[in-house]
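S.K.: Please take these sequences and the hints and turn them into a complete structure.
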Amino acid sequence: DQQVKQNSPSLSVQEGRISILNCDYTNSMFDYFLWYKKYPAEGPTFLISISSIKDKNEDGRFTVFLNKSAKHLSLHIVPSQPGDSAVYFCAASVGTSGSRLTFGEGTQLTVNP
Amino acid sequence: DTGVSQDPRHKITKRGQNVTFRCDPISEHNRLYWYRQTLGQGPEFLTYFQNEAQLEKSRLLSDRFSAERPKGSFSTLEIQRTEQGDSAMYLCASSPSRRGGFNEQFFGPGTRLTVL
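Top line first, the protein sequences correspond to chains U and G. The working numbering numbers the first residue of the first sequence as 119 and each following residue consecutively. The working numbering numbers the first residue of the second sequence as 156 and each following residue consecutively.
Possibly wrong hints are sitting among the right ones.
Just a few of them, taken from the derived set where beta-carbon distance is under 7 Å, the chain U residues facing chain G [said to hold, decoys possible]:
id	residue
1	TYR157
2	GLU160
3	ASP173
4	GLY224
It is worth saying that the hints were derived from the structure and are not from the lab. Note that CB positions come from ideal geometry on N, CA and C, so glycine has one too.
M.R.: This is the structure we're talking about:
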């Protein structure tokens with residue numbers, strides 16, 4: 119039962135353009151969503167998060183959008199840079215205190231110079 | 156910058172052997188999590204401690220797996236009688252327990268286990 123799903127295993131974009139990574143979830147109890155970035159041989163690094171009471175959260179070049187009715191969230195990176203090339207994981211949690219994270223399968227982003 | 160550390164980084168073992176991994180969380184974090192990641196998948200939750208108490212265990216954590224956090228600081232994850240299906244990256248994460256807001260989990264670099 120894959121409760122968090124990232125349907126695109128890979129995405130390739132040109133430097134300076136927008137990268138859009140998508141994530142769908144099925145569990146309506148999820149109320150907090152996060153994006154993590156992972157480089158090879160390193161653990162996932164927290165990038166940005168959003169509470170279910172919001173529909174947008176922005177941090178510099180990164181913006182996360184949440185559409186609760188569609189159970190869909192997306193991460194926008196603009197402008198994309200070669201250093202953004204990594205695997206991006208969407209994760210969700212029920213509650214904010216001490217909860218397990220449920221991850222998607224990840225999307226490999228490649229930003230070409 | 157003392158982040159989450161894990162030891163060893165790599166472990167190769169033969170089927171049937173026991174292995175133990177260690178995780179040292181960020182010092183002021185009282186919550187500690189173990190996840191397992193296999194190729195092409197995202198991390199999957201295994202278990203969670205608040206201080207020394209193990210508060211939640213996934214059904215993925217079979218009776219061959221045991222985790223401890225005896226003094227509420229570092230944690231160990233032991234796998235007994237390893238099987239080839241145990242081959243994976245084992246990730247440890249820690250988080251604070253501040254009231255209000257979300258407490259992000261900070262991950263270590265992982266221990267890659269290969270069972271031959």
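S.K.: It remains to establish, for every hint, whether it holds in the given structure.
M.R.: Now for the hints, and whether the structure bears them out:
no.: 1; hint: TYR157; verdict: violated, 10 Å
no.: 2; hint: GLU160; verdict: holds, 6 Å
no.: 3; hint: ASP173; verdict: violated, 17 Å
no.: 4; hint: GLY224; verdict: holds, 5 Å
The structure is inconsistent with the numbered hints 1, 3, although it conforms to all the rest.
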